[in-house]
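> Top line first, the protein sequences correspond to chains A and B. Here the first sequence stands for residues 687 to 1016, numbered as in my numbering. Here the second sequence stands for residues 687 to 1016, numbered as in my numbering.
Hints were generated in silico from the structure; no laboratory data involved. Please note that a few of the clues may not be correct.
Identical chains blur together in the list; that is why a pair holds if it fits in one copy or across any two.
[Stated by the list, open to error] 30 angstroms max Cα-Cα, derived DSS-like pairs, lysine-lysine: (1) 797 <-> 851; (2) 862 <-> 1008; (3) 998 <-> 1009; (4) 903 <-> 882; (5) 950 <-> 857; (6) 803 <-> 1008; (7) 862 <-> 880; (8) 801 <-> 851; (9) 858 <-> 803; (10) 938 <-> 857; (11) 744 <-> 998.
These numbers come from a predicted model, not from an experiment.
Protein chains: 2
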Amino acid sequence: MRKVVLTGDRPTGRLHLGHYVGSLQNRIKLQNENQQYIMVADIQALTDNVERVGVVSKNIVEIVKDYLAVGLIPEQNCIFLQSCISAIAELSILFLNMVNISRLERNPTVKEEIKKKYRSGNVPAGFLCYPVSQAADILAFGSDIIPVGSDQLPMIEQTNEIARKFSRLYKKGVLKEVTPLLGTVSRLPGIDGKNKMGKSLNNAIYLSDSDDDICKKVLSMFTDPDHIKVSDPGKVDGNVVFAYMDVFFQNKEELESMKAHYKKGGLGDTVIKNILSKVLIDLISPMREKRETISDEYVLSLLSCGTSAARKVADNTLIEVKKAMGMFRL
Amino acid sequence: MRKVVLTGDRPTGRLHLGHYVGSLQNRIKLQNENQQYIMVADIQALTDNVERVGVVSKNIVEIVKDYLAVGLIPEQNCIFLQSCISAIAELSILFLNMVNISRLERNPTVKEEIKKKYRSGNVPAGFLCYPVSQAADILAFGSDIIPVGSDQLPMIEQTNEIARKFSRLYKKGVLKEVTPLLGTVSRLPGIDGKNKMGKSLNNAIYLSDSDDDICKKVLSMFTDPDHIKVSDPGKVDGNVVFAYMDVFFQNKEELESMKAHYKKGGLGDTVIKNILSKVLIDLISPMREKRETISDEYVLSLLSCGTSAARKVADNTLIEVKKAMGMFRL
C-alpha cells in the first residue's frame, strides 16, 4: 500500500555523504512506491541561524539540485519550501501548548546540540522548541514513514507523543503516529574521525565535490596513528578509511582480505586511500555531472509547484485539527 | 496624528470591571482619533487551556458583545480573531529564534502566573513562549500604542526588545517600538480583596451582570473586619468598598467626607455598599441593555470583516519581515 513519506533537510549547506547513506538512499528506494514529500527546512534552519539568513537562502536552490542529482525524480516527489507553508507555523503554535518545557529539555539530541552550541541560558526559544515544529512538519502531511538517522529518533518520539496526546484530548484518527526508517548507515564519521559528518564541522565530503576535492579529502583521512611504515601492522577499528570502505566498497570478500592484509602489515594507507577515492569518485561524479545540467529556473518552478501542492495538504490538516479541537470557525 | 492602537483579550470568560478601568476606557477614548485593532486572542487563550477549548470558543462571541456594549464603535475599530491570522503564527515562529529561553523565564508576569498555575516542569512550552506571540500580535499591526494594565508592561518590554534586535540584525524601520498606555486604574482588586479581579478567581463583577448580581457582589465585599458596630471607627485603607468608590464614585469631595465619617465611626458598611451598588448599576445596566440588542449573527459578520482587514495588514508585515531578513522568496 502507498504510504506517505516525509523527509527534509536544513538548507545550511550542500548535502554530503552522511546525508546520502543516512537518508537519501532510502528516499530513492521509497519514491516509486509511496507518496513522498521532501521539505527544504528553511524555517528550521533559522532556529540557530538568525544571524546567517543569507546562507540559508543561498542554499535552498543548491539543496534541491542535490536531490535531483542523487536520483530523486521530480515526478515522484513533492519537493517544497517550509517557510511558504503557513499551516506548519500554525500547527507548531498549537502543538507548543501540548508539550511541556521540561519535556523539550530532556530531548537527548537537542540537549547535545545545545551543549555544543550555546552557553547556558543563551538558547534561542525557537531552538529548544524545534522538535515541536518538526512534529508539525510530520503531522501536517499525515506521514506514515520518516527516513531518519538515529539522532533523529527522539524527534519521532516527540511527534508520536503529540499525536497520542491530541487523540486523547480531542479526537482519534486526525493525527497519526509515524514509523522511523533508519538509514543503511545511521552515523557516518567525518573525515576527521572525531565527529559525525556535518556541514558545520568542515569534515564532510559533499555530493557536489570535484574529483580532486574527493581525493584530497580521502588522503587527509584519519587512519591508524601507529601505522607509520607500510610494513607495520595497522588497526582497522577506528580507522576512518575502513569505516568508509565498509559503507561504500561493494565487494565485501575483497574488503575482508584487504583488512586482514592491513592488520598483518604490508598494506600502505595510500594504497587503500586510492581505492576508496576511486569508489567515491565513481559514486559522486555522475551526481555532480547531473547536477551541472540543472538550471536555477527549473529548480524554482519545481519548488513552486511542490509548495502549492504541499500547501493544500497542510491547510487541510490544519482545518481538521482545528475542527477536532473544537476551535471557533469564522 | 493618527496612531495605531492594538489591544486584545483572551476569550476565557466575559469581561469585567477590571478590564473596563484597566483598558476598555482607554480604548473608548482612543477610538475616535486612531486606527484601533482589537484582537480576540483565542490562540493566546489556548496556551493554558488546551483542555478547555470549548470554553474559549464559546466566549469569542460573548467578548465581542462586551466590546460593543461598553461603547466601542464597530466603524471605528477593527475587531478580529487571532486564530484566523496565519501571519501572526508565522511571525511568532520567526521571533522565537530571536529570544532566549532564559529571557522568557525572567519575565516577571509569566513567572508569577507559572508559580500560581503549574508544578515545576509542567509548564506548557506555548505558555512560557506567549510573550513572543504577543510581540508578534503587536508588531504585525505596526502598533504605536498599547493600552495595558501594569502587569502587561513586561510584554511591551519583550516586544520592544524584539523590535530592536530585528532592527540591529536586519533592517531599521520594519518593526517599530511601541508605547504602553496604562489604564486609569492599573489594578482593580477583586471583590474578595485578596487578588486582582480575574475571570478565574470568582471575584469579578462582569459588565454583563444583572442588577441583582451587582448588589449581591457588592454586599459580599471585604471591608474592615474590625468595623463591627456602625458606631465603630472603620479603616478605609485595604477596604475594598472604598477602593471601588475611589475608582467609580465621581464626586470626590463627597467621597472624602464619607471616608472621614467612616473613619470616625457612625457610617455603616451597608450604607456605603448601597451607594456603591447604585454607582455600579448606573454604569453597568446600560451596557447590559445594549448587549441584549446585539445578535450573534451581527457579531459574526463584524468579526469576519475585521479579520479580513486585519489579515491584509499582518500578511503585509510578514512579507516585509521576510524581505528584510533576506529570506528566500518563491
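> State for each hint whether it applies.
Okay, the hints, checked on the actual structure:
When the C-alpha separation of residue 797 and residue 851 is checked against a cutoff of 30 angstroms, the pair qualifies both within a copy, at 23 angstroms, and between copies, at 26 angstroms. Taking identical chains as interchangeable, the C-alpha atoms of residue 862 and residue 1008 lie at most 30 angstroms apart only when both belong to the same chain, with a minimum of 15 angstroms there against 32 angstroms between chains. For the identical chains of this complex, residue 998 and residue 1009 are neighbours both inside a copy (17 angstroms) and across copies (24 angstroms), given an alpha-carbon limit of 30 angstroms. When the C-alpha separation of residue 903 and residue 882 is checked against a cutoff of 30 angstroms, the pair qualifies only within one copy, where the shortest distance is 15 angstroms, while the shortest distance between copies is 67 angstroms.
Proximity of residue 950 and residue 857 under a CA criterion of 30 angstroms is satisfied in neither setting, with 64 angstroms inside one chain copy and 63 angstroms between copies. For the identical chains of this complex, residue 803 and residue 1008 are inter-copy neighbours only, at 25 angstroms across copies versus 36 angstroms inside a copy, given an alpha-carbon limit of 30 angstroms. For the homomeric pair residue 862 and residue 880, neither the shortest alpha-carbon distance inside one copy (38 angstroms) nor that between copies (46 angstroms) is at most 30 angstroms. When the C-alpha separation of residue 801 and residue 851 is checked against a cutoff of 30 angstroms, the pair qualifies both within a copy, at 29 angstroms, and between copies, at 24 angstroms.
With identical chains, the CA atoms of residue 858 and residue 803 are at most 30 angstroms apart between copies only, with a shortest distance of 28 angstroms across copies and 39 angstroms within one. When the C-alpha separation of residue 938 and residue 857 is checked against a cutoff of 30 angstroms, the pair qualifies neither within a copy, at 51 angstroms, nor between copies, at 57 angstroms. Both within a single protomer and between protomers do residue 744 and residue 998 lie at most 30 angstroms apart by alpha-carbon distance, with minima of 26 angstroms and 29 angstroms respectively.
In the structure shown, a violation is registered for the earlier hints numbered 5, 7, 10, in ascending order.
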